Amino acid sequence: MSKRNSTRMSTMTRRFVAGAAGVAGIAFLAGCASNAPQDTWQPKGPNAQKIDDLQKPVFAIAGIVGIIVFAAIGYAVIKFKDRGQPIPEQTHGKPVLEIGMTILPALILAGIGVFTFQTIFDLAKTDDTEMVINVTGQQWWWEYDYPVQEQYGITDPIITSGQLVIPAGTKVLLRETSRDVIHSYWIPALNGKRDAVPGRVHTLRLEADEPGIYAGQCTEFCGLSHAVMRMEAVALDKPAFNAWVKGQLSLAASPAEGTLAKEGESVFLNQCVRCHQVNGLKKADGSPAIAAPEDNVWSGAAPNLTHLMSRNTFAGASWDLLTKECRKDVWEASSEEFGKKYLAGVSEECLNQTDLRRWLRNAPAMKPMYADPTKLAETGGKYRGMPNLGLSEDDIDKLVAYLATLK
Amino acid sequence: MFTNGSKYLIGVTGFSAVVLVLYIALVDGAVGGAVALASIMLAVGLLAGLALFNRDGDVQVGDVAAPANAAPVGSSLWPLVTTVGIVAMGVGLITHEIIFLLGLTALVAGFVEWVIQGWSESASSDRKYNASVRGRLIHPLEFPVLATVGAAVIVVPFSRIMLAISKTAGAIVFILVGCIVLAGGIVFALRPSLKKTVVIGLCAVGAVGIVAGGIAGASAGKRDQLVKAAEEDHFAHKECGEEKSKYFDFNAEAKVSMRSNPTATIEFIDGKLQARELGLNTPTTRITIQKSNNISVIFRNKTEGEHRLTLHYGEKEVQEGVVEELHTCTQMIEEGDEQILTFRIDKPSIASEKPYTFSVPGVEDQSIEVFVP
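Here the protein sequences come in this chain order: A and B. If you count by this note's numbering, then the first sequence holds residues 1398 to 1804, one letter each, in order. If you count by this note's numbering, then the second sequence holds residues 6 to 378, one letter each, in order.
No lab work stands behind these hints, which were simulated from the structure alone. Predicted model, so just to flag it, every value in this text is computed and none were measured. Possibly wrong hints are sitting among the right ones.
[Said to hold, decoys possible] Restricting the straight-line Cα-Cα distance to at most 27 Å, the calculated cross-link-like pairs of lysine-lysine (DSS-like) are:
hint, chain 1, residue 1, chain 2, residue 2
1, A, Lys1679, A, Lys1522
2, B, Lys321, B, Lys352
3, B, Lys352, A, Lys1643
4, B, Lys277, B, Lys359
5, B, Lys321, A, Lys1779
6, B, Lys321, A, Lys1679
7, A, Lys1643, A, Lys1659
8, A, Lys1453, A, Lys1590
9, A, Lys1679, B, Lys352
10, A, Lys1725, A, Lys1737
11, A, Lys1590, A, Lys1522
12, A, Lys1679, B, Lys359
13, A, Lys1680, B, Lys277
14, B, Lys352, A, Lys1804
15, A, Lys1643, A, Lys1737
16, B, Lys359, A, Lys1643
17, A, Lys1779, B, Lys352
18, A, Lys1680, B, Lys359
19, B, Lys359, A, Lys1635
[As the list claims (entries may be wrong)] Computed, partial: chain B to chain A, Cβ under 7 Å:
hint, residue
20, Asp351
21, Ala356
22, Pro360
23, Pro378
Don't be surprised by glycine CBs; every beta carbon is placed ideally from N, CA and C.
Could you build all of it, start to finish, from the sequences and the hints given here?
Here you go:
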């Protein structure tokens, strides 16, 4: 090899080592982040704890095996480096070593397999369910509906989106499906992932030890805005959950005559009700205003906005309805105070008007969606996501005033 | 450097490229035309490459060119196949499109094989070398096509047999054929020295048997139950009353994949209707389902006689002033039997004055309320 080639090689090696060290350093530092709500190493419920109890020993065993393998490779590389010595005697096979090195990993894997199967069966149990919630994925948000369960005061079904509200310390069973493509539901602090598949119903157990908010992320690539298809599970103590249920069962009240919100209600009836349902909203003739997302949206559904301001997020939990300070106040509340702060909802002072207005002004500009009205041939003229409604600033003022009343 | 043939094909490739660029620039949004032109360009480019590679198939420039007085290789089947293809296309034009397509397939296959064979036979004076050249070029095409045809020869006739015979006989035939294949496999494995002709003969007899059975099955047509079920077309008229449906193919409908995913199981037990929702162990008379989503429920009849489950889910204005009730139902189910009902409701319960319900026609005071939030 020429000297020039040798120099080039060593430069390349140095660059490679520096790059690898940089990546490893970044990965290491990322692991030290304190504000990591989707950290898989911090279980906050018994189901996630089961996974954690399995993954930690497995990682430890894998780590030890890895160190032994690397050490052996390193030893062989250094000890037997070509220094011009004669080639040692070549032998074929060493049965004892070969059998031993087959049996040992097999035994390790068998041991891990026993505990893995035990965990899988534990996580698949449905016979100890205390509460059931239907979870439906669609591009790019999650809908939650609560079947009638009178023991929790749910005398009529409840429907909401973005934030899944559950009672803490209760074994909740999610029944997942999808209206369009495959999605995957994952709240790392509460359990593993489960795919939501059109035409199928998959179950996922969730239980939170303490009240609080637990963040999650769709983990099956599902189109343009997969990366911002978020979800949050909100665990409330029992009294707070009962209060939340009571609030969700009420119908939306019409704003007082002559207010800006009342004008916003008219805008909503003209524009938004084509897709978004508000239970209790009436048309001018007094008949109930029924949304028709099945005629306008490919998935056939759009978020029910009856109690929008009882949630902390909007647009598939992608943006906060609360300002930064108010959000911090809720997220960092103690277990005892959390329920009270969450149930306060979004007050006028805490409303994140900036993002909400931006959304109303041009939703696809914030969240990439298939919402260009000139390119809907593939979906028979139906949108995937919210289109730009071309609202005037005046209409946006009115709509924000109306939406703020949907507590 | 360039041969005459390759010059011509390179010229056509370049011309296609220019036309493609002009087409994209001048014709807005016509993807199909652009794809067709690009395909032509690639195909002609490939031919140009081939012509360049084999020097236009000119044996005189090869290293081991065939002498002019070399003995002819022998007869070829491919001109005959090509002719049959042309005739079949003609016949197909006035009879049936399937015959036309078969003729077209024979024409293309025969033509390609003929050209490759003709070229390879004059590649050199060495027949073995010529055969290997042919193999290298045509085997990547031949083997997958032959494998597909071989699989189709088994699968299509076998499916005709299974559709013609009764369900019980079908199960027996399936088991018997499986046993014969297994036994054959064991014999071949235990007797690796078995004569090649014996193995080929046995396989040929089996294939001929299946094809003959398939022809017989196709001639006999589908079994009566399937024909009647198709004629009956229950789900088109959707009467959903107490009328009886005799021929519905229950086992074919109740697929395993559907059975594994019901939202609820609805049972009619001794004249009483109740539902069990997935994940909840206590029976209920109210279930909640998702809007705008395909939902499957299992209906299980545990009451004497035949009964069906009917879902009523509001009304729809089909014309101005004409309102039609929306409902769907299972077939009449015998006691001890069950059936899946799949449906989709697009409007929430609040859109209807009447509640959505499951009921059993002819049975009063028994219903399950369906909530659609």
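Now the hints, each set against the structure:
1. The straight-line distance between the Cα atoms of Lys1679(A) and Lys1522(A) is roughly 44 Å, outside the 27 Å bound, and the hint therefore fails.
2. Distance check on the hinted pair: Lys321(B) and Lys352(B) sit about 10 Å apart at the alpha-carbon level, within 27 Å; holds.
3. With a C-alpha separation of about 24 Å, the suggested pair Lys352(B) and Lys1643(A) falls inside the 27 Å cut-off, and the hint holds.
4. Among the hinted pairs, Lys277(B) with Lys359(B) is consistent with the structure: their alpha-carbon atoms are about 22 Å apart, no more than 27 Å.
5. A C-alpha spacing of about 21 Å is found between Lys321(B) and Lys1779(A), which places the hinted pair at or below 27 Å, so the restraint holds.
6. The straight-line distance between the Cα atoms of Lys321(B) and Lys1679(A) is roughly 20 Å, inside the 27 Å bound, and the hint therefore holds.
7. Between Lys1643(A) and Lys1659(A) the CA atoms are separated by roughly 25 Å; this keeps the pair inside 27 Å, and the hint holds.
8. Straight-line distance between C-alpha atoms of Lys1453(A) and Lys1590(A) comes to about 18 Å, which keeps the hinted pair within the 27 Å bound.
9. With a CA separation close to 16 Å, the supplied pair Lys1679(A) and Lys352(B) stays within the 27 Å bound.
10. About 14 Å separates the Cα atoms of Lys1725(A) and Lys1737(A), which keeps this hinted pair within 27 Å; it holds.
11. Restraint check for Lys1590(A) and Lys1522(A): the C-alpha separation of about 15 Å stays at or below 27 Å, so the hint holds.
12. Distance restraint check for Lys1679(A) and Lys359(B): the Cα-Cα separation of roughly 18 Å lies within the 27 Å cut-off, and the hinted pair is therefore satisfied.
13. Proposed proximity of Lys1680(A) and Lys277(B) is contradicted: the alpha carbons are some 40 Å apart, above 27 Å.
14. For the given pair, Lys352(B) sits about 24 Å from Lys1804(A) by alpha-carbon distance, which is consistent with the 27 Å threshold.
15. Simply put, Lys1643(A) and Lys1737(A) have alpha-carbon atoms about 14 Å apart, close enough for the 27 Å limit, and the pair holds.
16. A C-alpha spacing of about 25 Å is found between Lys359(B) and Lys1643(A), which places the hinted pair at or below 27 Å, so the restraint holds.
17. The straight-line distance between the Cα atoms of Lys1779(A) and Lys352(B) is roughly 17 Å, inside the 27 Å bound, and the hint therefore holds.
18. Our distance criterion of 27 Å between C-alpha atoms is met by Lys1680(A) and Lys359(B), whose separation comes to about 20 Å.
19. The suggested pairing of Lys359(B) with Lys1635(A) is violated, with an alpha-carbon distance near 34 Å, which exceeds 27 Å.
20. The interface hint given for Asp351(B) is met, as the beta carbon of that residue sits about 4 Å from the closest beta carbon of chain A, less than 7 Å.
21. Of the supplied interface hints, the one on Ala356(B) holds, with its beta-carbon coming within about 4 Å of a beta-carbon of chain A, less than 7 Å.
22. Look at Pro360(B): its Cβ only gets to about 12 Å from chain A, farther than 7 Å, so that hint breaks.
23. The criterion of a C-beta within 7 Å of any C-beta in chain A is met by Pro378(B), whose closest approach is roughly 4 Å, and the hint holds.
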